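Protein chains: 2
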Amino acid sequence: MQNIKEYLTTNKERFINELIEFLKIPSVSADPAFSEDVITASKAVKKSLLDAGCDTVEIYETDGHPIVYGEKIINADLPTILVYGHYDVQPADPIDLWDSPPFEPIIKKTELHPEGAVFARGACDDKGQMYMHVKALEFMVQTNQLPCNVKFMIEGEEEVGSNNLAVFVANNKEKLANDIILISDTGMIANDVPSITTGLRGLSYVEVEVTGPNRDLHSGLYGGAVANPINILTKMIASLHDENNRITIPVFYDKVEELSQKERAEMAKAPFDLEGYQKALHIKTVYGEKGYTTNERNSIRPTLDVNGIWGGYTGEGAKTVIAGKAYAKISMRLVPNQDWHEITELFTAHFEHIAPEGVTVKVTPHHGGQGYVTPIDTIGYKAASKAYETAFGKKPIPQRSGGSIPIVALFEKELKSKTILMGFGLDSDAIHSPNEHFGVWNYLKGIETIPYFYEYFTAMST
Amino acid sequence: MQNIKEYLTTNKERFINELIEFLKIPSVSADPAFSEDVITASKAVKKSLLDAGCDTVEIYETDGHPIVYGEKIINADLPTILVYGHYDVQPADPIDLWDSPPFEPIIKKTELHPEGAVFARGACDDKGQMYMHVKALEFMVQTNQLPCNVKFMIEGEEEVGSNNLAVFVANNKEKLANDIILISDTGMIANDVPSITTGLRGLSYVEVEVTGPNRDLHSGLYGGAVANPINILTKMIASLHDENNRITIPVFYDKVEELSQKERAEMAKAPFDLEGYQKALHIKTVYGEKGYTTNERNSIRPTLDVNGIWGGYTGEGAKTVIAGKAYAKISMRLVPNQDWHEITELFTAHFEHIAPEGVTVKVTPHHGGQGYVTPIDTIGYKAASKAYETAFGKKPIPQRSGGSIPIVALFEKELKSKTILMGFGLDSDAIHSPNEHFGVWNYLKGIETIPYFYEYFTAMST
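Protein sequences appear in the order of chains A and B.
In this note's numbering, each residue carries its 1-based index in the first sequence increased by 1.
In this note's numbering, each residue carries its 1-based index in the second sequence increased by 1.
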């Protein structure tokens with residue numbers, strides 16, 4: 002791979018421009034208003050894979066958004082890497098908090114990205130990170146250095162639960178057969194502190210609806226005499242955490258994997274600047290489950306967060322109304338051994354149980370997925386570690402992430418293979434938030450690191 | 002007044018059509034998008050007062066929406082009645098819960114209004130009730146039976162706090178001098194149970210904002226580690242009531258007027274059908290402060306209700322985000338002796354005090370007003386009672402209402418006169434809610450009752 006740096010220097014500008022064109026497509030999977038754009042994005046993925054050197058690429062229709070599958074098989078006796086990524090993006094709301102339009106990418110310098118970062122919805126999650134793999138393939142094919150077989154499975158529903166991908170995987174086990182799955186949809190600690198994600202949290206996402214009276218009421222005539230669905234909803238949600246910020250749903254913690262003191266001490270060695278963390282978020286103090294550090298709270302501990310709440314009059318001025326209904330979107334991040342189906346049921350039963358008599362509640366499960374922990378003594382992890390060491394000049398730190406890629410646990414179950422999470426984004430890249438961005442340096446570093454993984458993994462496997 | 006029924010029969014259709022035209026103007030005072038319509042409505046009021054027989058009518062500009070003032074002075078030695086009403090209406094949201102467009106009035110029959118009701122925003126609150134006074138004046142002028150002087154003060158900011166009316170009143174005490182103030186902006190118990198409102202609750206309306214991190218965050222990467230403003234807001238709001246549904250703000254109840262057992266027993270005599278009440282609202286049970294009946298909870302007890310709440314992702318589908326901010330609109334209904342300025346300060350201090358360290362909170366007072374209790378041994382009340390008895394064939398019941406007309410306490414302070422609240426709407430008329438309506442029977446009954454009040458009040462006063 003002596004010439005990867007040279008290839009990057011020659012093609013850097015084109016690689017950035019291609020990504021920018023891809024980011025212009027508003028492929029928001031959650032919102033039906035963008036369904037045409039999602040299809041456009043799937044076609045762009047197909048074209049990019051063919052251009053990069055895949056032998057065949059097909060777009061597979063599903064009950065939801067399509068899946069793009071491509072492959073380049075050079076020799077059946079060589080190992081096969083399956084690259085997974087997604088071309089759909091989170092909704093851009095709240096739009097007015099973006100400094101530039103979410104689907105008009107621009108490059109700006111930031112404190113952590115002095116060489117510039119591409120600002121756009123999906124820049125990091127996951128269009129930019131997925132596209133690193135396309136460009137890494139292009140390099141290996143163009144320079145005749147592809148050492149093994151490669152398959153790409155790029156979906157359009159990661160941000161809405163990957164329901165149709167699960168069906169596709171179950172129905173195409175042979176086509177998807179591989180020796181290792183490679184995903185770049187996570188982050189690393191810092192540009193000078195490379196890390197590999199070894200754990201993901203599971204997820205249970207639900208929507209709740211509290212119904213009181215059959216219509217909105219005048220708060221003067223009825224105030225104090227009937228259950229106000231918003232007041233009740235706040236009471237119900239508030240009761241889901243106790244005074245130590247532990248979740249109060251019965252049985253919720255029963256299966257939670259408790260780390261040993263030794264494992265926690267090992268985790269605590271990862272560099273973490275609490276003051277810088279607080280300063281970056283403009284908060285005076287962190288907040289969370291008693292007895293755990295910030296890095297533990299957002300990785301090895303389960304959580305319950307309200308992601309959205311609404312009800313009553315939210316316009317300008319004042320309206321003295323008691324709303325008939327109040328709503329919230331609530332997600333729980335889960336840790337290994339917690340089953341998301343079971344947690345969704347526990348939540349539903351508990352939420353229905355705590356509803357006072359004056360209201361009725363409805364819980365609608367949205368989606369979810371199991372958590373995942375990857376071992377670090379495998380060929381896959383070792384090859385990834387060596388690839389980072391070569392590209393970054395220092396050994397990466399294994400790190401559990403708080404995020405979720407629900408499909409990873411399913412891959413292991415259905416395809417019997419391990420996943421390596423090679424993420425190149427930073428926590429501060431604002432994924433899922435306004436002003437999402439992805440460092441140009443990180444983008445190019447990813448393209449540089451990936452071919453080393455191919456090389457080392459093939460060498461170690463054969 | 003022998004010929005009022007005849008006059009009504011002759012003019013009924015026109016009276017209804019005129020009201021329908023008036024209701025077509027979307028004079029929503031809270032929303033700047035409707036400011037032109039508010040002006041159009043003020044001009045319609047002016048024209049209607051001139052048509053009805055006022056000698057002079059002027060539109061007074063204010064820092065907000067204009068005030069319409071008209072008068073007909075027949076003899077300085079005779080008593081003067083000041084009619085107050087408002088031509089502005091509540092926002093129509095949520096629009097999609099209306100069965101017909103809020104500003105395209107239609108007449109439909111209902112269980113409680115077998116002769117039909119006009120469905121439109123403002124039908125009852127307060128365009129319809131205000132217009133009864135205009136048509137009653139027309140009758141008295143046309144039939145040469147106006148027994149006293151009359152002044153009209155019709156404002157366009159009642160639904161947003163009447164701030165500019167307060168200034169107008171303070172600056173025009175002489176112009177507004179009167180012997181009694183007459184307002185139809187309340188309800189009565191039922192069409193066969195006439196009642197006169199003798200008390201109003203005060204109001205303090207605030208908006209709160211809870212700020213956590215400086216931007217929306219990914220709920221996986223940060224979930225459990227930073228204070229989620231929505232979770233915190235629900236906890237803070239939930240803590241505002243204790244397990245007996247009493248408000249927990251310190252000093253809040255200190256000045257609350259406690260009724261004697263005798264007074265409460267007197268109140269309990271008013272007909273109230275709890276089962277019918279619950280059935281009409283589709284609720285299994287009522288809910289409120291322990292130790293008080295439904296009729297007490299919504300009239301003689303203070304309350305705290307969330308009128309709107311919002312934050313995070315509220316669109317279709319799922320977004321795994323921790324919002325940077327969460328908001329709520331909160332109103333407190335107050336009882337006599339509670340000062341709304343003081344309560345607003347108590348709320349603000351308490352809400353700031355209970356905010357945990359990981360967030361900052363901002364409380365913005367919207368508007369408010371004092372409560373009011375009117376004595377029943379005055380000439381004004383006696384004349385009103387007799388007017389109802391003549392029109393309805395039965396004596397009206399004095400009743401404390403849970404609603405607020407903040408300006409009433411101010412009238413007493415500035416103009417030194419008492420107010421009579423002659424309301425003809427029903428609680429089920431859905432004021433402030435989708436499908437607001439006003440019974441045609443009630444509208445005509447109001448026009449019939451008002452001239453009797455003029456007659457009896459003049460006779461008793463002179």
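Honestly, the hints are just simulated from the structure, not real lab data.
Predicted, not measured: the structure shown is a model, and the values here were computed from it.
Treat the hints with care, as some may be off.
Negatives, chain A to chain B, calculated, CB over 12 Å [as the list claims (entries may be wrong)]: (1) L241; (2) T286; (3) E297.
Chain B is nowhere near these chain A residues, computed Cβ spacing over 10 Å in every case [what the hints assert, rightly or not]: (4) G225; (5) A269; (6) T304; (7) H354; (8) P376; (9) K387; (10) G394; (11) E413.
Where chain B lies over chain A, by a calculated footprint (3+ residues, C-beta under 8 Å) [unchecked claim]: (12) 27 to 39; (13) 70 to 83; (14) 87 to 98; (15) 310 to 319; (16) 418 to 432.
C-beta: ideal position from N, C-alpha, C; glycine also.
Verification of the supplied hints:
For L241 (chain A), the shortest C-beta to C-beta distance to chain B comes to about 8 Å, within the 12 Å cut-off, and the non-interface label is violated. Residue placement check: T286 (chain A) does not keep its beta carbon more than 12 Å from all beta carbons of chain B (closest about 5 Å). Not every C-beta of chain B lies more than 12 Å from that of E297 (chain A), the closest at about 9 Å, which undercuts listing it as non-interface. Not every C-beta of chain B lies more than 10 Å from that of G225 (chain A), the closest at about 3 Å, which undercuts listing it as non-interface.
In this structure A269 (chain A) is separated from chain B by more than 10 Å, as the shortest Cβ-Cβ distance comes to about 15 Å. A beta-carbon of chain B comes within 10 Å of the beta-carbon of T304 (chain A); the shortest separation is about 3 Å. Non-interface status of H354 (chain A) relative to chain B is upheld: no Cβ of that chain comes within 10 Å, the nearest being about 16 Å off. Every beta carbon of chain B lies more than 10 Å from that of P376 (chain A), the smallest distance being close to 22 Å; the non-interface claim holds.
Taking the minimum C-beta to C-beta distance to chain B, about 27 Å, the non-interface status of K387 (chain A) holds against the 10 Å cut. Distance to chain B confirms G394 (chain A) as a non-interface residue, since its nearest Cβ pair spans about 26 Å, more than 10 Å. The beta carbon of E413 (chain A) is kept farther than 10 Å from every beta carbon of chain B, the shortest such distance being approximately 19 Å. With 4 residues carrying a beta carbon less than 8 Å from a beta carbon of chain B, the region 27 to 39 of chain A meets the three-residue requirement, and the given coverage holds.
Residue count for the region 70 to 83 of chain A with a Cβ under 8 Å from a Cβ of chain B: 0. That is fewer than the three needed, and the coverage hint is violated. A count of 5 residues in the region 87 to 98 of chain A with a Cβ less than 8 Å from any Cβ of chain B is obtained; the coverage claim is therefore met, three being the minimum. Residue count for the region 310 to 319 of chain A with a Cβ under 8 Å from a Cβ of chain B: 10. That meets the three needed, and the coverage hint holds. Residue count for the region 418 to 432 of chain A with a Cβ under 8 Å from a Cβ of chain B: 3. That meets the three needed, and the coverage hint holds.
Checked against the numbered hints above, the structure violates hints 1, 2, 3, 4, 6, 13; every other hint is satisfied.
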